[in-house]
Structures are given as structure tokens and as C-alpha cells.
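Could you put together the complete structure from these sequences and hints?
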Amino acid sequence: RLKPNTPSPPVPRLHCPQPPQGPREMAALSLLLALAAGALPSATALRVDTDVAGSLARSKTENLDSYSFAHFVKDFQKPYAEGSEEWAMREAIFRMNIEAIQWANGVNHAAVTWKLGLSKFLDFTDEEKKSVLGYKGRGSRNKESGAATAFDRGSKPLPSTFSVTKGKRAKLLGSVMDQGNCGSCWAAAAVATLEGQMEVNDTLMSEIEGLMPHDKKVPSVPTLSLQGVVSCTANKRHCGGTGGCGGATVELAYDMLKEYGGLPFAAEWSYSGSTGECRRDVFKSHRIGITGYSVLPSNKLHPLQEALVSSGGPVAVSVDATNWFLYSEGVYSDFSGDFTVNHAVTLMGYRMPEGLARGFYDIKNSWGSYWGESGHIRIEMKADEDRHCGTDRKTHDGLACDGDPDTAWVCGTCGVLYDSVFPYGLTIEKVSR
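When you line the sequence shown up against mature numbering (1 follows the signal peptide of the UniProt record, and there is no 0), it's residues -45 to -1, 1 to 388, in that order.
Worth flagging that the hints you see were computed from the coordinates, not collected in a lab.
You may find that some hints are simply not true.
As the list claims (entries may be wrong) - The calculated DSS-like cross-link candidates involving lysine-lysine, where the alpha carbons are at most 27 Å apart (straight line), are:
1) 123 / 385
2) 239 / 191
3) 172 / 239
4) 29 / 171
5) 29 / 121
6) 191 / 123
7) 172 / 121
8) 385 / 239
9) 126 / 385
10) 213 / 239
11) 385 / 337
12) 172 / 126
13) 172 / 123
14) 70 / 84
15) 85 / 191
16) 172 / 337
17) 84 / 29
18) 213 / 385
19) 70 / 29
20) 191 / 126
21) 171 / 121
22) 172 / 385
23) 126 / 171
24) 171 / 239
25) 191 / 213
26) 126 / 70
27) 126 / 255
28) 126 / 239
29) 337 / 70
30) 70 / 85
31) 84 / 172
What the hints assert, rightly or not - Simulated DEER-style distance windows between Cβ atoms:
32) 61 / 170: 53 to 59 Å
33) 62 / 161: 36 to 42 Å
34) 44 / 328: 48 to 54 Å
35) 64 / 44: 32 to 38 Å
36) 67 / 265: 47 to 53 Å
37) 115 / 26: 40 to 46 Å
38) 121 / 290: 34 to 40 Å
39) 229 / 47: 51 to 57 Å
40) 118 / 162: 42 to 48 Å
Every residue, glycine too, gets a C-beta built ideally from N, C-alpha and C.
Okay, here's the thing in C-alpha cells:
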């Protein structure tokens, strides 16, 4: 991933939940940990998730006793043939995870402020789960890039709550991507953050709307080409993986935008859920460009809040999402321990803790709109976020580039403060047809 012009502290591994003691609890939490590492189903990936197949007219967290594997296969359009070996294998995983959800949701403890529930990940193996976590964080990578700048911190007082709000021409902020089986979270976070910064820019959105009546390639909902980022972003030092569906970083995505002069609309090149080949000809169409991007100080809460408030738009952040896959609702928290920052997401807002009221970050994920709270997760903002830290002892499983250290220091709930970036200077590069 891009190394900013300012030195980065050692990378941490984040503090996600430690299981309670006792054999039953340990077994259930082990199942949750295994599922949480997971990936998406083998169905075709969608750019914007519409709805779960079938009519899943039930609570995601209740009435699970009557929810069978056959229901699950139908609701989530799984391709398994009943009676086959794969059906039996998947059903066994499904049943273990249903039991784990029921046990976890039955825990009555003040510290547990979230629930687990149904999701498309219920039957995934560990290897399948790993495929979706394609983010590797900042290390000593790409020092030569001129597109990255240190964030210029302001001195404005911060509001106790903030949420990225839809602009006058709201079209993009409500969409939630589904990355499919591809480890393209880094690209999805980069594009979702860019789209969010587009939408809060009324001048830019007005320019885009002005093109719509004259050019069918400028869609009424001007989502950007996630596939262009996945297929065309170079990753020579294997930062965050091998590139494409094998993983990369948000900074590398924004470097690609600078090199190619912007990113075309999704109507020009739709998402396939695979790495594919780079189609340079697509970049000869209308593109959304950036002047550069700001990399925030690592492991610091205040600059992250300032970036949200001052830009008015979202910020791409890195997290340890190992235990997120069964999340359904509520404010998720973590406990102390060693963790791996392995996923990139989009920060949409926050609420600071006050008295007995828990603080939280509002994060948009790229696992479809049925997951979590309409595609979002709230994770706790602790009173001591800057000091809620740990060591990532497997940086090359999730964070590092070739040649980077084997350990790193990370802070914030689920490591949310470790690596944050947002684009600035958005423009539209118009092309005569």
C-alpha cells in the first residue's frame, strides 16, 4: 500500500473479541471466528446488491430453529444438489453456525451490544472466507508516489456526532456493493469513498447531470467502474496481496486513478467479480479524476474525525473484519488480543461516547445490502480509542508488502485507526464523442 510522505508507526493488529471461557463457549466462538474469516457466496457478484433471492420474510436473528438448510439454499441461491457430498458438507457447516448464532444471541451481558444473524456466509469454509479479505495495510510501500499527501489538520471543534449526508442530487451514498468471491474490498472501499466524495460535491454532480441528456454512457445513477480499479491497479510489491482479486490497497487504487487520468463510469465497464485484463480503451471515455489523496496519521482518532467533518464525505479505513461475517445488528465491539488488519471499508460517520451512551463508527461494507444493518456495521468508539491497541503478528497475511516488517502496531476498535485515506480535488474529464 502507499506509504505516505510522513512516517508511519509500527502497524498494530487490532483488538477484536476474545471468547468467554468454558468448553461450550469456546466451541461456539471458534465457529464464529471460523465463519468470520469468510468470503462471499459463489453466485455472481453484483455491483449494487438488490435483495436476497426468494422472499426472506423473517428476522435475521430470530426463529432460527425452523430455518432449514433447504431454506438457506433457496433464499441465497446456492447451487448445491440435494443429496450430494457438497450438500452434506455445507449443511454441516450451516448447522454449526446456526447453533453458534443461537448461543451467542442468548448471552445476557451488558458488554454484548450486538447480535449475530443469517447471512450468505453461513456455509463457507475457512479458505473461502479468506478470499474476501483482500486488504493489506500500509508499510514502507510506494514511497515514490507523488499523489499521497499528509493530511492538513485543522483546528475546528468537532461535533459529537457526524454523518455523511446526501447532497442535493443524492444518487450514490445509498448503494452498497457486493464484491462477491473476489478479494476486492480494497477497490470497493476506494470506489465507495470516491463516490461519496462525488455526491457531497454539488458542483461536480451538476456537471455530471449536465452530460446525462446528451450521452447514454453517463448513467442516471453515476456509479464508477469498480472493475476498472480491480483490473488495472498495479501491485508490483504485493502490497495487500497479489493484486486484483488477490488483494491490494486503497492508496494503490488512487495511484492508478492518477496514472490513468480518472475512473470511468460503471456503465462503461461493469463488475465481473474476477481480476480480468486491464482494458485501457475504456479510460478514453468520461472519467472522474482526482488531484491526489490524503493519508491520515496512523492510529490517531482526532485526524480521522477531522477528515470526515472537513471534507463532508467518507474516508476509506482498514479494519480487522475476521469476526464480522455473522454480524446482524447493534454496536459491535472487541476485546484485547492480537488481530490481523485484513479488510478495507468506508467510514460514513461517528458518534462519540458520552456518559452511558456508547460511541460508534458507522461503516459501509461491501458484502451486499442484506448483510448487517442494510450493508453497514456500527463498531464501538471507545473513550480511549488511541490507546486501544495491539500487535499484528501476521502482517504478511493481511497488511504488509514484500520487504515490510513481520509485525505492526494498530489502534482503535477492530484496528479502525490504523490506515485511513480519502481522495481530494475531484474533477470530471470530459471526452468528445
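**OP:** Against the earlier hints, flag every one the structure doesn't satisfy and list their numbers going up.
**Re:** Hints 4, 5, 6, 11, 16, 20, 26, 27, 31, 33, 34, 36, 39, 40 are the ones this structure does not satisfy, whereas the remaining hints hold.
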